[in-house]
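In order, the protein sequences belong to chains A and B.
The numbering of the first sequence is our numbering, which starts it at 22 and goes up by one.
The numbering of the second sequence is our numbering, which starts it at 13 and goes up by one.
No wet-lab data here; the hints were simulated from the structure.
As the structure is a computational prediction, the values presented were derived from the model and not from experiment.
Don't take each hint at face value.
[Claimed, not checked] Listed next, the in silico SDA-like pairs over lysine to any residue satisfying Cα-Cα at most 25 angstroms (straight line): (1) K199(B) to G143(A); (2) K199(B) to F58(A); (3) K199(B) to Y44(A); (4) K540(B) to T206(B); (5) K199(B) to V64(A); (6) K202(A) to T206(B); (7) K540(B) to N50(A); (8) K199(B) to F117(A); (9) K540(B) to H45(A); (10) K199(B) to G165(A).
[Said to hold, decoys possible] Derived list of chain B stretches under chain A, where covered just means 3 residues or more per stretch with a C-beta under 8 angstroms from a C-beta of chain A: (11) 112 to 120; (12) 193 to 200; (13) 232 to 244.
[Said to hold, decoys possible] Looking from chain A toward chain B, a few residues come up when the C-beta cut is under 8 angstroms (computed): (14) G54; (15) F58; (16) V60; (17) M68; (18) A72; (19) P81; (20) W83; (21) Q148; (22) Y150; (23) E151; (24) S153; (25) S162.
Note that the Cβ used here is the ideal one computed from N, Cα and C, for glycine as well.
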Amino acid sequence: MATTIISSPDAVRFRYDDVDHAYHEQRENRLTGIVLFLVSDVVLFSMFIFAYCYLRSSVPNWPPITQGGHQLPRFDTAFAEFNSIVLFGSGATMHFAMESWKHTNRPAFFRWLIATIILGAGFLGGQAYEYSTVSITWAGSTMGAAFFTLTGMHGFHVLVGVIFLCILGLQAQAGVYTGSKYFGLTAGTLYWHFVDVIWVALFFLFYLW
Amino acid sequence: MTVSSDALQHGVEDHIHPAPEGFIRKYVFSIDHKVIGFQYFITGMLFFAIAGSLAELIRLQLLKPEGAIMSNQAYNGVYTMHGTAMVWMVIIPLVTGALGNFIMPLQIGARDVAFPWLNMLSFWIFPVAGAILFASFLVGAPNAGWTEYAPISLQGPPGTTLWCVAIFLIGISSTLTGLNFMVTVIKMRCPGMTWTRMPLFTWATFATALINMVATVALSGALAALFMERVFGVPFYDPARGGSPVLWQHMFWFYSHPAVYIMIIPAFGVISEVLPVFARKPIFGYKMIAFSSMAIAILGFAVWAHHMFTSGMAPWLQLPFMIVTMLIGIPTGIKIFSWVATLWGGRLHFSTAMLFAMGFLITFTFGGITGVYLAAVPADLHEHGTYFVVGHFHYVVAGGSVMGLLAAIFFWFPKAAGRMLDERMGHWTFWLFFFGLNGTFFPMHWLGLFGMPRRYATYVEFAKIYPPAQLWNIVASASSLLMAAAMLLLFINILRSLVRGRPSGINPWGARTLEWTISSPPPYYNFKRIPIVLGLPYCFDEPLPYRNLDNEQDEIPKPHSASQAWMEATA
């Protein structure tokens with residue numbers, strides 16, 4: 022094959038010296054894909070947050086007054102604060118797990134990952150407890166509709182996250198990831214931090230506002 | 013920076029995946045973006061035939077003021093299903109799924125989309141969603157219009173729940189396709205293809221993918237809430253229980269106004285590709301056309317409430333929505349004038365694709381202008397819910413999206429099938445469609461101005477106020493048959509071409525984007541060697557701005573090759 026020399030303008034960018042070209046191409050695609058997926062997930066939560074704000078602003082009293090004439094109670098902030106600390110703690114342990122992996126400290130990685138899974142499951146347990154004690158119902162009022170739908174969606178995301186982290190742990194155990202190729206772990210971390218950030222908004226909306 | 017083409021091939025050619033084997037892998041659960049594009053096309057056209065037949069039923073019913081063929085309840089179901097199917101099962105899958113899938117990866121010199129498996133999943137959700145939607149006829153079709161305003165949708169027949177599920181599913185499919193296309197365009201352009209060298213159809217697909225990815229999720233949220241309210245009684249929209257019907261309108265239109273741009277922006281892209289090829293002139297204002305697509309996509313998120321001027325909005329809130337809506341006229345006007353300037357002084361070749369593109373310029377501009385007029389609050393308060401609105405948006409959807417779709421079919425069919433469509437039949441298709449479209453929807457404007465309400469099964473009272481009402485409805489109904497004839501002719505043309513069409517060769521139109529440098533139909537890997545792009549694809553008097561092409565085509569495509577192809581085709 023004759024070697025045609027192309028004096029190319031600025032725009033021709035290559036990484037052909039890179040032996041892992043295909044891997045990196047795929048990693049970049051997937052990373053962009055995950056980020057865009059999280060963006061669309063933010064829109065989904067935003068819609069229900071908008072619905073909550075809209076319904077809340079369309080009545081004079083909040084918590085709303087039922088047809089029976091009594092005002093619904095506010096949510097128990099103290100317990101939610103405790104539960105929030107559990108979830109935010111899991112964000113910190115996830116961060117430490119990722120840092121340990123980057124420093125090729127596998128035992129520490131597994132310790133932090135298991136801590137994250139336990140904290141995540143603990144948050145879910147706490148939410149189940151709150152659901153069982155709260156006095157409003159899903160179909161009973163707009164407040165219940167917004168609360169159970171939003172926290173339920175978030176809880177579902179946490180549940181998916183916990184399962185995701187368990188799979189990542191098993192994969193890491195099986196040697197799927199190496200010191201330089203660990204995209205799955207990056208994706209898991211991104212997702213987990215996303216779930217944390219969503220909770221900040223929900224905590225403010227339901228417990229502090 | 014200098015690179016040798018030997019170095020380029022290293023690490024590129026060996027990434028061609030093995031050819032798919034067996035019927036199932038090749039044609040059913042294929043992960044090839046081209047086959048998925050064909051699947052979208054066939055499924056979408058099938059639904060087009062069903063939704064089009066529903067439209068003919070509507071037109072038949074309106075032949076008489078008291079209603080010609082069906083009960084009021086049946087009519088409600090028919091127009092609801094017509095609108096729903098046309099928007100979600102026909103136009104959006106055809107312009108994003110079929111055109112986007114087939115053309116966009118070829119235009120950016122990629123072997124496939126970023127996530128082929130996800131692409132397959134997106135497609136297979138589509139026929140399932142369509143089947144669920146049409147199954148709602150069996151249990152009582154939804155009857156609150158394609159917008160399904162609460163609280164009517166809360167009290168609607170059981171089919172409304174199926175409607176929810178179907179649209180939710182097709183929404184997931186749209187979101188995934190949008191995400192897939194975004195990543196593909198951002199990450200998988202071939203070397204040298206900078207953002208400002210991307211073909212305009214790819215720009216349009218990118219802008220559409222952005223809306224698809226961001227806005228469709230909003231619809232999913234709205235539908236999920238409607239589903240929960242209908243099935244579990246969770247109060248969101250029912251005013252009797254503290255909910256708000258206007259909330260549904262906000263959530264619905266936050267998606268459904270951008271959805272209008274999902275339907276039209278790919279057609280803009282098609283027109284931007286077709287016009288320069290058949291005018292043998294560089295596209296006028298490349299960057300302005302590209303950026304105005306993005307401007308429309310982004311501004312489109314801030315106009316949704318112009319559908320709700322009569323829903324009890326605060327007047328101070330109506331004003332910004334009115335102004336932003338009118339602002340969209342600016343990027344759209346930039347496009348129209350750029351296209352006209354592209355034609356100006358060009359050597360026009362009236363192939364069928366070109367006819368549809370020029371017909372698009374007329375009908376879309378008309379629909380766009382009535383859109384700016386409707387955006388004005390005082391006008392909207394008068395026209396809202398009348399046939400004026402029906403006329404307006406059919407000029408945009410049928411005169412814009414469908415015209416663009418037909419232009420794309422006549423333009424890219426030779427690439428997809430390797431055979432030419434018959435140009436004589438194509439010209440008949442165009443003129444039938446063009447006259448049919450204008451005859452059907454033009455009278456609706458003054459019917460609406462005189463006060464004929466949309467969505468009514470009868471117009472006895474209106475005919476008393478405005479005696480020529482029946483005459484114009486008969487004109488509209490008769491003209492709609494011309495459109496049906498045009499679509500039938502297209503169907504025959506495609507079948508005939510598949511059996512005994514003339515082979516098209518690599519580049520029948522003398523076009524210059526990358527898909528015209530590979531064989532027709534393209535091989536499963538698209539490009540054996542990934543091409544290198546050195547410039548814009550629209551400079552017709554310069555050599556092709558590509559290196560490393562699979563077929564040596566570096567010479568200038570002859571300016572008269574398009575007219576030759578056309579003359580040969582019509583001979």
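Verification of the hints:
no.: 1; hint: K199(B) to G143(A); verdict: violated (39 angstroms)
no.: 2; hint: K199(B) to F58(A); verdict: holds (15 angstroms)
no.: 3; hint: K199(B) to Y44(A); verdict: holds (13 angstroms)
no.: 4; hint: K540(B) to T206(B); verdict: holds (21 angstroms)
no.: 5; hint: K199(B) to V64(A); verdict: holds (23 angstroms)
no.: 6; hint: K202(A) to T206(B); verdict: violated (28 angstroms)
no.: 7; hint: K540(B) to N50(A); verdict: holds (21 angstroms)
no.: 8; hint: K199(B) to F117(A); verdict: violated (30 angstroms)
no.: 9; hint: K540(B) to H45(A); verdict: holds (21 angstroms)
no.: 10; hint: K199(B) to G165(A); verdict: violated (43 angstroms)
no.: 11; hint: 112 to 120; verdict: violated (count 0)
no.: 12; hint: 193 to 200; verdict: holds (count 5)
no.: 13; hint: 232 to 244; verdict: holds (count 6)
no.: 14; hint: G54; verdict: holds (5 angstroms)
no.: 15; hint: F58; verdict: holds (6 angstroms)
no.: 16; hint: V60; verdict: holds (7 angstroms)
no.: 17; hint: M68; verdict: holds (3 angstroms)
no.: 18; hint: A72; verdict: holds (6 angstroms)
no.: 19; hint: P81; verdict: violated (12 angstroms)
no.: 20; hint: W83; verdict: violated (11 angstroms)
no.: 21; hint: Q148; verdict: violated (18 angstroms)
no.: 22; hint: Y150; verdict: violated (22 angstroms)
no.: 23; hint: E151; verdict: violated (18 angstroms)
no.: 24; hint: S153; verdict: violated (19 angstroms)
no.: 25; hint: S162; verdict: holds (6 angstroms)
Against the hints set out earlier in the document, violations occur for numbers 1, 6, 8, 10, 11, 19, 20, 21, 22, 23, 24.
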